[in-house]
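S.K.: Could you slot chain B onto chain A? The hints should help.
Chain residues, written in single-letter form:
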Amino acid sequence: MKKTICIMTACLMVVVLGLALHGEELRVLRMSQSWPTRIDPHIGNDGSSRTAYVNLFDSLVYPDKNSQPQPHVATNWDATEDGLTYTFYLRDDVRFHDGTPLTAKDVKYSMDRLLTMGEGFAFLFSGKIESTNVVDDYTVRFNLQSAYGPFLLSLIRLYIVNSELAIANTKAEGPYGENGDYGRAFLQMNDSGSGPYYVKEFRLEEELVMGKNEDYFIPIPEEAPDEFRLIGTTQPAVVRTMIAKRELEITDAWQAYDALVNMAKQEGVELVATATGAPFVVMMHTRRPPLDDIHVRRALCYAFDYDVVREEIVPGAPAMIGPVPLTTSGAIQIDRYPHERNLELAREELKKSKYYGKLDQYTLTAIFSQGVMTQEHAALLLQANAAEIGIKVQPKVTPWMTVLEMTADIDAAADMQITFVTPALPEAGIAFLGRNHSSGAKTYTQNEWLLDPVLDKMIEDALATLDQEDRFVQYAVIQEYITDRTPTINMCENIRRYAYQAGYVDWPLDELPQPLFSYTFAGRFFKVYPEKKATL
Amino acid sequence: MATVKFIAKRILYAAFGLFALSVFMFTISRILPGDPARMALGPRAPEWVVEQLREQLHLNDPIFKQYIIWLRDAVRGDFGESLYTRRPVMEDIKEFLPATTQLVMLAALIQISFGILLGIIAGRRRNSWIDNVTRVFAYIGVATPAFAVAILLLLLFGFVFDLLPTTGQLSMGMARPPVVTNMVLLDSLIAGNFPAFFDNLKHMILPAFSVCLAGMAQLTRITRVTIGENLRKEYIFASRGFGVPEWRIAFKYLLKPSLIPPVSLLGMQIGALFSNAFLVELVFNWPGFSRYGVNVMLRKDLNAITAVALVMGVIYITMNLLVDLGVGALDPRVRLGERNA
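From first to last, the protein sequence lines are chains A and B.
Each residue of the first sequence is one higher than the one before, starting from 1 at the first, in this note's numbering.
Each residue of the second sequence is one higher than the one before, starting from 1 at the first, in this note's numbering.
Isolated chain A, as found in the complex (with noise of 0.2 Å):
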């Protein structure tokens, strides 16, 4: 009798146990994003490729909260004095998620297979390495072809994949010569990395689900979320049900600012924004009249209501004081850049004008691209300014494909151009590269031509300044150079908006680098409560 009652005894505790296992909630971090979502890191840098990568791979270096390169697969490294040769020393413990060691020759890989594919985060490479060669199981060298500033801060976007898993995959076919399609049909659809996050299930147009790494070489705290998933929608009343539903954590940036509101009306939904180094700004033709003349782009920049944008269009935006925002590391405040509305000043600058008496003859076309709210008000506030100091603008409306094809040529580029320009990384001379630099000339980046030569050769020059110091020196004197020309109205440095579920998930925005975008989605940081969850 004792002995079945024992029995009975345990049989029950172990149902008892097996329930409470099986109840144990699972930490779960949801996002919606706007897809398609990649998984292979050497062919997107779209936001949401981005968020997959930092969770899904590993870089030699990683970000501090200040956005600068930090030891990660690399221990340490050294450089040249002529910063033409750079040797990086790996952590022996890093695995990928099939088990296998990442090693030197996994580096020489990814970054042969990212510059001869050319895509995704290529173009921060693109004509600047030599070579790459392994020293040994755990030593990498690049050689460069000429000194570059930011190159450490750039490796933080070489994220390393599995080349034996690439290599076993490739096909012999494809446009890469030897190397057939370089395991691009694979890596597209199957998990190569070694981040704290691998791929448990990646469903196109759909989601992707990316499980926590147990293994990862650094500890991952036990609340930070077993399960990361990617959804992939923006719609507005999808995003609504599934906040007040609590099947979504975080929101993505694509919603309204009165949705995003509404959302965070709710108990333990709250709205937070972060730092984008992203430029809202109105580029000015400066080869074309009247924008040809410094004082009607100065006019111009005068005029403009720079506080109806940080208040009503893009509210809690910081200012721009300069042509870079803040945020970018390099930058500096110029106060002198127009920053502030005076129409005294806008009126005495027009009077300075060789257009004086003559701008009636001109009606200034204000492209924005279409779908965008915030654009469309800030350039129907543009028109308004601009007619107060009897310029005419006209606001048109453009699809995203028709902008890309305007700006690649001077001719048809419009006399404006109302956008944001997200650096790839946030340092000035980054920025410059894309906003500045002739190089920049010929994409959306850059709608003022300024081509430059005398600016061209100091950005170059700058960038191949290896000191830190002296590089943001230089970087000041090249801010003050694009103020005294005054080619854009900055009206302000973009932040991206997010509605989260701060009653069960901790977020550590702070201690994240914001500038860099997506770094501020690496999973393994963010706490998930799901007995919190389970009061609200």
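Since the hints were made in silico from the structure, they are not lab data.
Relax, there's no trap hidden among the hints.
DSBU-like cross-link-like pairs, simulated, lysine-lysine; straight-line CA separation at most 30 Å:
1. Lys533(A) x Lys245(A)
2. Lys200(A) x Lys532(A)
3. Lys200(A) x Lys105(A)
4. Lys442(A) x Lys128(A)
5. Lys358(A) x Lys392(A)
6. Lys532(A) x Lys202(B)
7. Lys65(A) x Lys108(A)
8. Lys202(B) x Lys533(A)
9. Lys245(A) x Lys202(B)
10. Lys94(B) x Lys200(A)
11. Lys202(B) x Lys200(A)
12. Lys171(A) x Lys94(B)
M.R.: Just chain B now, with coordinates in the frame of chain A:
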């Protein structure tokens, strides 16, 4: 033999129709403004990479030559690579079309059952309260776009009453059945995974109703009218006079002739269900072919746009062929007409 000839003739017409459609879509997709290679690679990709992709897509060749190359590959079942998913379009079709097909099949089932049933009731009780209610329903159904219905249903049943799931195909934590047909509903049945089957069915209810509401409203109206007309035919009065039971009159003598116009309409409507699904799939985050169609069009994905249009064309043509056969079975005059023609 006559039926075979009839089908052969229709298939021949369909082939011509598809050829014309392919020429049209191919040309339209290539003359739209914007460089698809640049679009696919992003504004920061170096020019040499963009040029390489242009070459790969034959974009530097004359459009006639591009079409010949495309046609040569297409007849072998190779629609090229999608610039959106960066994999063969055929793989995308195989993955996304089944999800939409199962959604449309459920929508068609709901549309036919409810549409015809409501039409019969309204037709037999003309000007009663039930007729008035179906009339209002029909007006609202026809006038409201599918995506607006989708958002309304989502907010009502997903948010306010919290009765049904609102996104995706399966709930979180639900084991996905092994892929056999790529239709989760069917795959879960094959695997004997009934929880997944019912979960998937639950996920389909709101999108399916959103997709079919307009068609159901039209079907209700047409059925009501034809039922009403046929009710006044002499043979119905005669049947009643001979004492034929009312249920027998309804199902044997009234329903069959009354279904000819609705069935003719169904061919177009089931094709239209695929079109309605375009925005509904976006709203419900349903990973289907219609949503894929929207995304490839927004990104000027040349190969995928042409393939999507062709697949839609094949669906329309097939549905119309089936409907023609169905109408022929219902109405001997159609069969005889074809034979005499």
